[in-house]
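For the sequence shown, UniProt numbering assigns the number 1 to the initial residue and increments by one for each residue that follows.
To be clear, the hints were calculated from the coordinates, so they are not data collected in a lab.
Take these hints with a grain of salt, some might be off.
Stated by the list, open to error - Once the Cα atoms are required to be at most 27 Å apart in a straight line, the calculated DSSO-like pairs of lysine-lysine come out as: (1) Lys288 with Lys244; (2) Lys257 with Lys343; (3) Lys435 with Lys455; (4) Lys436 with Lys452; (5) Lys257 with Lys299; (6) Lys455 with Lys233; (7) Lys288 with Lys163; (8) Lys257 with Lys288; (9) Lys244 with Lys257; (10) Lys233 with Lys450; (11) Lys299 with Lys343; (12) Lys244 with Lys343; (13) Lys323 with Lys244; (14) Lys233 with Lys214; (15) Lys343 with Lys233; (16) Lys214 with Lys170; (17) Lys299 with Lys244; (18) Lys160 with Lys170.
Because the structure is a prediction, the values reported are computed rather than measured.
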Amino acid sequence: MTDQGLDGAVEECLSREEERISEIIDAFKDASILEKSHSESESISFTSALEESDIDLVEELDPVSSRKLLDRKINSMPQPLEGSGQTEITKCSSTVIPTNSAKINQGNGGVEVYSALNPFSITLSCLLHEPSESDIVEDEIRYIYLNQILSDDEQLYLAKLRKCAKNHGKKFPHSVWIQALRFLASARFHIQTALEIMASNHEFRLKELPINEKNVIDDLRLGAIYWHGRDVKCRPILIVKLAKLDLFVGEVERIQKLLCFCLEFFLKYLQIAGRVENWNVIIDLVGKGITDLPIQALKSVLSLVNTRYRMRLYRMFIVNCPKFINVVSNALVAAIPGSSIRKVRFVDESYSDEIINMVSPEQLEESYGGTCPNLTDNFYPFRFYPMNELDKTLPNIHAVIPPEYISGISIEIPPRFDLARLPWLNQIQNMNFTKKTADELSQILNTDIKPKLSKEDILNP
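Start from the sequences, fold in the hints, and give me the full structure.
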């Protein structure tokens with residue numbers, strides 16, 4: 001090849017790489033992966049006072065969740081497991097916990113699961129985790145929304161949203177209203193935009209959910225998208241392997257259905273309201289060059305995570321990036337608001353010090369810096385592990401906890417509202433409150449609210 005021909009080939013290669021870099025940047029921008037804080041919102045100053053008659057706290061029955069959370073009685077225990085599967089008893093110290101082997105109904109997630117859950121899908125450590133102030137709200141970005149005392153500004157925005165919904169004749173089920181503050185935050189606290197997001201989310205849940213495990217089981221076993229372990233703050237880790245998404249070429253809806261199942265699985269079985277409400281994502285680009293990245297698959301993943309499951313992402317690590325990572329990351333970082341720059345990391349190897357500092361080795365596969373064997377099969381049921389020695393003595397604790405420990409409540413107290421008429425009052429005795437929330441709620445309601453501080457508190461609700 002002549003020097004001129006070589007120069008032309010190099011120029012063509014660089015042109016393709018630049019084009020792919022531009023597509024990657026557009027994928028992140030289109031997905032709106034980064035949320036905004038209060039400081040970027042519309043003014044909080046309301047010129048007209050809110051009257052109690054303006055606020056409608058009555059919610060529609062939820063067509064997705066099998067439990068009518070607003071109708072549950074105080075001190076009610078979990079319903080018996082449904083299905084015909086065998087029930088095995090595991091003895092752990094003095095505690096007897098049934099092993100789940102049939103369909104169970106737990107949180108608000110829109111999935112129907114029949115496979116036995118991993119015995120450490122939820123651990124005592126998760127149930128008793130005490131989030132720090134920065135875990136809850138950091139730099140005006142709220143991460144934990146449920147079972148928390150909300151700020152006066154947040155309460156005002158929720159009241160305005162309720163009034164707007166009433167004025168527009170919009171009615172939403174509990175599974176949508178319980179996420180209302182998340183929708184407001186992602187809409188930069190613009191009421192009309194938040195209402196539109198709620199309507200879109202409601203339509204999505206009616207149309208696409210629930211997802212039956214049997215309809216995605218073959219794709220779950222491929223290991224393209226799966227949960228594996230938790231970080232030191234008990235946030236679960238979602239692994240996305242783009243190379244395996246080549247198996248879904250031209251089938252974006254199939255990818256979205258698989259991912260949606262995984263994220264709804266979190267809502268139903270992995271979340272602990274008020275304690276663990278976020279996830280981490282590791283997007284693995286191993287085996288993919290800059291010119292053969294499945295951009296549409298990447299865009300589909302980013303878009304679904306952000307548009308349908310808002311304000312859930314804690315960290316996203318994009319690992320095993322191609323050699324042009326510095327160009328991509330610099331261009332992306334330049335477009336990221338300062339308050340959100342912490343959420344996305346580009347790593348040109350399979351792991352980074354930040355991942356290792358966030359996640360204990362026994363929770364990570366070896367390829368990402370952990371000590372767990374790299375998975376080549378048996379990706380589902382998802383893999384979870386005890387966080388400490390006490391957790392090891394309590395496998396399958398998920399089978400005996402009340403579903404309210406997972407689903408939680410939004411502690412919504414509209415201005416000038418009669419506290420005795422708050423619809424969530426009949427649920428608070430079933431809640432897994434932190435000490436901070438219990439103390440603050442006790443003062444607000446002028447009654448003694450007990451936090452969950454020990455194994456005995458958890459197992460004897």
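Violations among the numbered hints: Hint check: 7, 14 and 16 fail, others pass.
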